[in-house]
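Peer 1: Next come the chains, spelled out residue by residue.
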Amino acid sequence: MIPAAFDYVRAGSAEEAISLIGEHGEDAKFIAGGHSLLPLMKLRLAQPSVLVDIGRLSDLSYIRDAGDHIAIGAMTRHMDIEKSPVLAEHVPLLAHAAGHVGDPQVRHRGTIGGSIAHSDAASDLPATTLALGATYVAQGPNGTREIAAADFFQGFLTTALAADEMLTEIRVPKMNGAGWSFQKFNRRAQDWAIVGVAAWRRNGESGVGLVNMGSVPILATSVSSALASGASIADAAEQAAAEADPQNDLNASPEYRVHLAKVLVRRALEEASK
Amino acid sequence: MQIRVTVNGTVHESDVEPRTLLVHYVREVLGLTGTNIGCDTSSCGACSLHLDGEAVKSCTVLAVQADGCEVTTIEGLATDGEMHPMQQAFMQNHALQCGYCTPGMVMAATSLLKENPNPTEAEVRIGLEGNLCRCTGYHNIVQAVLSAAGGQ
Amino acid sequence: MTITESAASTVLGKRRLRKEDPALLTGEAKFTSDLNIPGALHLAVLRSPYAHARILSVDVSAALAVPGVVAAYSGADLAPLWAGPMPCAWPVTDDMKNPTHYPLAVSKAAYVGDGVACVVATSDTAAHDALDAIDVEYEPLPAVIDLEDALSDRVVIHDELGTNRSYTWDLKCEGEDGQVDRAFADAAYTVSEHYVHQRLIPMAMEPRAVAAVPQPFGGDITLYSSTQVPHILKVMTALTLGIPEHQMRVVAPAVGGGFGAKLNVYAEELLCTALARKHKLPVRWTEERTENTQATIHGRAQRQHIELAADADGKLTAVRVRLLADMGAYLQLVTPGIPLLGAFLYGGVYDLPVAYDFSCTSVFTTMTPTDAYRGAGRPEATYAIERAMDALADTMGIDPLELRRRNFIRKDQFPYTAMTGLVYDSGDHDAAATKAAELADYDGLRARQATQNVDGATKRLGVGVCSYFEMCGLAPSRVLASLNYSAGGWEAATVRVLPTNKIQVVTGTAPHGQGHETAWSMIVAEKMGVDPDDVDVLHSDTAIAPLGLDTYGSRSLPVGGVAIAMACDKVIDKAKKIAAHQLEANEDDLEFAGGNFTVKGTPDKAMPLAAIAFEAFTAHNLPDGLEPNLEAQVTYDPPNFSWPFGTHICVVEVDTETGEVDVLKYVAVDDCGNQVNPLIVEGQVHGGVIQGLAQALFEEAVFDEDGNPKTSTLAEYLVPAASDVPPITLGHTITPSPTNPLGVKGIGEAGTIGAAPAVINAIVDALSGLGVTDMPMPASPQTVWTTIQSASTAAQGASK
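Residue numbers (my numbering), protein chains in the order written: chain A, 131 to 404; chain B, 1047 to 1198; chain C, 1015 to 1814.
Since no wrong hints were added, every one of them can be taken at face value.
Here are the simulated DSSO-like cross-link-like pairs (lysine-lysine), alpha carbons at most 27 Å apart as the crow flies:
#1 Lys1473/C - Lys392/A
#2 Lys1294/C - Lys1044/C
#3 Lys404/A - Lys1473/C
#4 Lys213/A - Lys1160/B
#5 Lys1584/C - Lys1619/C
Hints were generated in silico from the structure; no laboratory data involved.
This structure is a prediction, so every number in the text was calculated from the model and none was measured.
Isolated chain A (complex conformation) (with noise of 0.2 Å):
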């Protein structure tokens, strides 16, 4: 399996990125990790003319500490939020969702901007991240602007990045102790989720995103809103898939993918409310 040709540049900054992929159009992409990209090019689903490798931007891979949020570079990988004591203390629950990225061999590549950036709603950190109420930072020829999680994912593999934007830092607010858990439902471990679910509660506060029950990760709003209006964990569960519109595959029906939301919801609000 050999890609078709293209040309490969390599930027220096995030500038000289943007400018590359000014510069090349609409055939050209950004090639991080390589992770969500090549398997595509491999099998001659995706053939860009160029790629604008970003991988070698050091400065975008970072976790730090911001008061209020952790701020992750873009180019950080999934192993380095798995393994990062700064996530592990204030948002352990994304640290655990990205040790469930395809394996360590994917994670030791993968970045969780290219993962955001490919917008697959059968990842793991893009709808984790939605459920924690992240920020995210896009540079662009004129700048930078935040687009919230819950705006930017827009529709199959599409998202509020402008072609000549790139993602370069996730915002993630801190949990502040508040119970969580991840359930990833699924027949083998390197496989995306059948359904996966990222939750967190806090009081009266939670927050639930769902792996794979649409187009686009999904954020289950109606689960939130029936435990803050004092709903029992398993009453809010059955509104599961209020926000969901789940698609048919060789895994599982519609049908099937609502049932599993409502029961990997349940157990997921179980796991956070102890």
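Use these hints to put chains B and C onto chain A, whose structure you have.
Peer 2: Below, chains B and C alone, put in the same frame as chain A:
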């Protein structure tokens, strides 16, 4: 494109097409055929090698992405004619049959122990989630990794 | 453990590390795609994207313009190269329908993946780039993926046959006419069960690879291939391409697993060989995984209807079986014979009167051809009888292990002539079952189950039992003849003592992970009194090991290994003549032990094999008329199959809310007679069990209604990883086979045969309180959940 990669301690400077995968580079350009190819989808782990000391699937890395990096393949694991303790543990525990997944499995296992020197059986199993074997049923592979950990 | 009950073994039966391992562990071993072949051209094959389509035109001209491309061909272009069609060596009936099948399709593509054109280029990249430039005009035709639909001939796939039915093969064995029907009429209990064996993809980790290296002036050609059957491949390639057989050499370098899928003659082997001759250059091809899932054979794919009749005690009185088998688009090497290999095992391990009625109908579909996959017919048969036994136990309201015990063939009944007329060599089913039950704590599990599986419980415990018999060690040539198989079942061995007392063994077996080099060395070491490290095993190259019938059907040890032991005996006989001559003793007074000939009663008169080897080499002082050198060849045709057996017990916990199955424990007690190397035996069982468990829980080759494969990669076809399967608890019993001098039986397929029924029986057992009586494979979480839902809906409907 010109790249410079240190493979098993030797510096190689090569001119490669950007679409050359790292696995094709080590196999076809450098002749290091111990790293095998088992799938098209980053699923099987047969092509696992170490990139800057960590296991990666070399079918999902471009050779140009490895420019300036250190690569260790299965051929670079033995030292002074002695197999690496993980290789020895695989032999002692009959953790291979046809041997095709074995180089990737060994590279994944050594990377695993580097990150978690004393894993439980469950941690070994989950740590090898990215490597498929069709012969052994994994039972003896898990035993081999546990025994290599115990011996370190 | 001993090779015979009397002589103490020094090597056999003891765990010994494999001599194959260092090369494989260090990257030193060379698989076919690792071979450095200067100047080789690369082949790439364009494959049909349609399951069924007429090929209207093929235009390769644009491909020729791609840099590096040497040639491009349609199926029609290559037609003159074939002396005959692709071979099928098992015409099971005289009227079997066999469609003409060439390496590239000419007028019609019959499955997604069927080759329709090819390119040879100076690099693999160029060859693949050029495939995109070939223009094929197709007229798509309706796909046929359902077996009943195929049988209806609504759409006939092969026009020249006029039907999709390949054959119907019957086996009716009755002590008295009408016995089967009477047994069912008189039965106290009957069960009638339908099971489906889903299509599986064998998925050896090494995809296939081929390299054909011609000697344009010498006339010889060497075919390197990732094959289990270099000898069969040599003959078939010679016939199919019209190459004089003596100019054809086949080499199987290191081979990364086969599982039956490399027991075949494939289009790419013929294409590389033909094109290497045509271009007078080496031509090589390496399969991509996506090609492997489409163009390498699939396995299983049978629908079964089994009926059991039993008396009031649950003793079986008759078995009736109807099969519908999916051949796929064409008949590959042994495709039609696979259901027949199971036909003799539907009685399982049970003592049955001669009352058996079996019939198999096989049909073509527009999917990848099927053929042998680990177990080949025997896992299917064992699944049917062992699932049906659980159904019978359920009907009778008795414990499934108890029902089995009531029916086991007793130890004292062996050798046992089965209802099919075949003779089971030896067995002790009760001992294996008892041991398995102990290891699993069967009684404790039943007690735990009673407290755990209460009304409303969402984590339900299940215990599944499978007792199996396997017919392996293929095979007595005369039996194969009676089944219309085109070849024999013998195996050849040469044992050669070199002048320095190192020993070369030449075997016709073709290992691809089984450890023959280690095991055969141990047999020779035991026999000849040398160290196993002083034995070299030569194999898998028809120039070095010209005689052989290769490795499949768990035949290597009980046929090939036994041949080696017999060749050792012949060498020892010859050495004894030399020793007697040199020691001036009577041959009858000589004893051979530990590599030394001694004269009975005169222990200081001795001659080691090393000295005899050198004498045989120099030939300075040999008995009159004795040929120099110490070498013997044996071709051994086994008098019977070998019949390994055992009992597996699987313990599961099913999460009824999600349908997830957690395998808590898996116990396998197998009996393969005397063991040569327990380390290897255990490895074979481990691997086999997980393949069977993978059929039960994970794997299925899925096609959509248009015949498009939906599981073309390892991302979709779920071969489980270490994280997804349990550890295995092993036990064994040893009941030597009386039919061969080593007392051995095969063990390569046993684990796979035992596992799928044990797992599914456990799941059904866990859910029996919810009205579940069967579980389709693979028992994915969704399948388990929906089965529970429909059982509970049915129960509610019934109670209303």
